[in-house]
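Required output: the full structure, derived from the provided sequences and hints.
Here the sequence shown is numbered in the working numbering, starting from 279 and rising by one per residue.
Be careful, since some hints might not be right.
Claimed, not checked - Capping the alpha-carbon separation at 20 angstroms, the derived lysine-lysine pairs in PhoX-like fashion look like this:
id : residue 1 : residue 2
1  : K481      : K574
2  : K349      : K931
3  : K796      : K737
Claimed, not checked - Label-pair ranges, simulated between beta-carbon atoms:
id : residue 1 : residue 2 : range
4  : Q426      : A779      : 58 to 66 angstroms
5  : D679      : A559      : 30 to 38 angstroms
6  : Q678      : S431      : 37 to 45 angstroms
7  : E674      : E853      : 55 to 63 angstroms
8  : Q678      : A779      : 47 to 55 angstroms
Note that these hints are calculated values from the structure, not bench results. For clarity, every value in this text was computed on a predicted model and none was experimentally measured. Heads up, the beta-carbon is just placed ideally off N, CA and C, and yes, glycines get one too.
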Amino acid sequence: MTFSQWLSHSADADFESFVRTRRDLLQPESPTMAALAAAASSRIGVSRGIEALDAQTLEVFISLAKAARTKPEIEITGNPHLDPTLTEAALPRLRDLGLAWPADEDAGAGGSGRSGGTATAGVWKIQSEAITLLPTSAAESSRAYPWQIDSTSIDSSTATIGQPLIHNSEQAAVAEVISSLRGLVDELAASPISRLTSGGISKRDVSRLARTLELNLEQTITLLQAAKSLHLIGVLDDALDPQWTAADDADSVLAGDRAELWAALVGAWLRELLDVTQLAAGASENERLTVLTTPKKSLFKGYGLSVPAMPLLRFAVLSVLHDIGLGSARSAGWIHAEVLRRHPLLPAHEFAMTEAVLHTCVTFGLATTPLQQPDHFGPSRFGLRLAAGLDRAMAEHAKQDPSILPLGVSVEALTVPGDVIAAVTEGLGAEVDTVLIQSDLTAVATGPIEPRVHHILRKYAVVEARGQGTVYRIDAETIEDTMQAGLTPEEALAELAEISAEELPSTLEFLVQNTASKLRRVRVAGARAVLIVDDPVDLDVILSDQAMMPAGLERLAPTVAISQLGPERTMHLLEAGDHHALLHSAAGPVRKRRVITESEPEVSVRRRPRVSDGHLGEYMRILRSAPAAAAAQTSTDEPLGHMDRLREAAEAKQRVLIRIADSQGKERTIEMLPATLNAGRVRGVVTTTGAEASLSVARIVSVTPSP
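Below is the structure:
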């Protein structure tokens with residue numbers, strides 16, 4: 279019994295279960311049984327069904343595919359290569375996906391008026407395309423499958439996490455990751471990073487940035503990729519030296535609602551296609567990957583899924599954490615094994631990838647770890663709500679676009695739900711607008727700090743620690759860099775006093791005054807560039823310095839010299855020669871270079887119309903009607919119909935007349951006895967010559983039974 283014949287004669291319950299499972303195959307423009315059977319038998323139809331299998335069902339299906347290599351009809355009862363219990367549990371799922379069906383008349387017959395169960399014994403058939411898609415060769419059978427993990431090597435213990443620890447860790451993580459994102463954009467604004475010819479930045483620059491932010495390499499790469507997706511960073515419009523820096527509107531975005539910013543950050547991470555472990559280590563020894571650029575080829579080898587690997591992996595990890603439950607934690611190895619059990623064909627089989635996703639979940643406040651067991655992970659309240667919200671979003675999206683079935687996951691629907699944003703807003707504390715500046719030149723913010731206060735402090739200090747609070751260390755070098763722009767000591771102290779909760783310590787006033795007195799000894803004014811010094815000896819030292827030769831200094835008076843370069847370039851030469859100087863006037867128009875934020879290219883995706891829930895019952899009635907059943911026996915001009923007819927002819931050992939077009943468009947007719955049909959080609963014996971031939975299905979014009 280062929281697949282189309284089984285569909286036509288199957289019981290109502292079996293047929294309805296298949297149609298509801300494979301909504302992606304339904305085509306409103308051609309509601310015929312032949313078209314449905316051909317779509318399910320095509321290579322893409324079979325592959326979409328296979329990717330929806332769990333590990334246990336997939337291994338049973340691989341055993342069936344191995345048996346089908348020698349005989350299309352597979353005996354289930356008494357087969358030594360099939361486990362009876364596992365096979366009995368797997369066959370209904372394989373039947374619902376259209377991957378296998380009962381081939382004997384008694385098991386498959388039921389008529390449109392019967393609604394009986396399905397026999398799991400007897401003779402079954404599978405889709406022939408599955409043989410080439412699955413590891414069925416002798417060489418592949420000798421190796422362990424990538425999703426198989428030795429259960430004895432997995433730590434299956436369960437740890438307990440207290441509710442206070444969960445609440446504190448999730449709130450601290452959200453506050454810290456927002457602070458880290460703001461600090462990342464600040465650093466790129468203050469110190470732009472040169473763009474490589476590949477479009478990204480080097481790992482050396484990323485490592486330097488990670489040390490400055492006191493983050494590890496993976497966290498920094500994650501934030502960089504998210505900042506690029508959110509258009510917070512971009513490339514300076516400079517043909518000679520394009521640099522990655524903060525976007526023009528980054529400050530306003532970062533100063534907005536923190537919960538909304540966190541939601542955008544998590545959403546960008548969920549949809550990110552690249553794996554942070556590969557970006558950190560490189561895809562291979564011969565291929566170097568740079569951050570903020572798109573690789574020229576896929577980083578994942580093997581079976582390709584309809585959903586990109588990393589978004590599917592992150593979605594699966596959140597689902598596993600949700601099933602662990604609040605207050606419990608399992609080991610990273612156990613979570614990795616559970617992810618592969620649910621999605622065995624997921625290309626991200628490496629444990630390091632799953633572990634990196636778990637650590638990122640902790641960074642975003644979606645997961646937490648017990649105090650004494652850092653290798654165990656459990657969900658936070660935010661993580662539970664996010665996983666449940668994503669499940670609801672996928673179900674709603676499937677109603678609008680049933681083509682995401684049977685896997686039921688879409689990258690477009692990976693967004694943070696509103697109830698999660700509301701929970702984060704409730705958990706975040708109010709931002710502080712003052713800091714405590716201590717005599718040891720540290721400024722402590724006792725909670726999340728306002729962006730305005732943060733930007734003032736970043737002019738005079740460096741971030742020493744982040745979290746729910748932030749510690750800044752006021753640095754003499756930072757003060758000097760800020761005052762070189764022409765700021766007076768009084769202006770600097772007034773700006774710091776404005777954000778200080780208490781009176782400024784005397785040590786800070788001494789540091790600012792001392793720095794200003796050192797800078798006043800040499801001042802650079804506008805014109806070409808005029809150097810004015812207090813002591814003629816200082817000018818003697820500058821004129822005798824070989825590093826100042828490009829400036830072409832000409833002495834006009836004992837304390838005045840004129841440079842052939844502009845003020846900014848002269849300042850650079852003075853700094854290179856370790857001469858402390860002060861820019862006399864910073865007032866003046868500063869050319870604002872435009873920052874170009876990179877966005878993904880717009881791709882026009884053509885979506886076929888799908889059968890909606892309201893029309894599904896009528897669609898099934900049309901399929902099961904007599905005219906549709908009769909149409910299944912007639913020829914069709916659709917390529918999928920050609921494949922269905924060729925499969926039936928191969929199984930029945932019947933000759934067919936194939937009309938095929940060559941590359942020039944000329945048609946000829948070949949009488950063939952088909953043998954196999956897979957990978958988009960039909961192979962068989964030509965009747966007139968007795969030679970074996972292989973024809974592309976795409977060039978076939980029509981297929982009719984031979985008289």
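* Structure-inconsistent hints, enumerated in ascending order -> none
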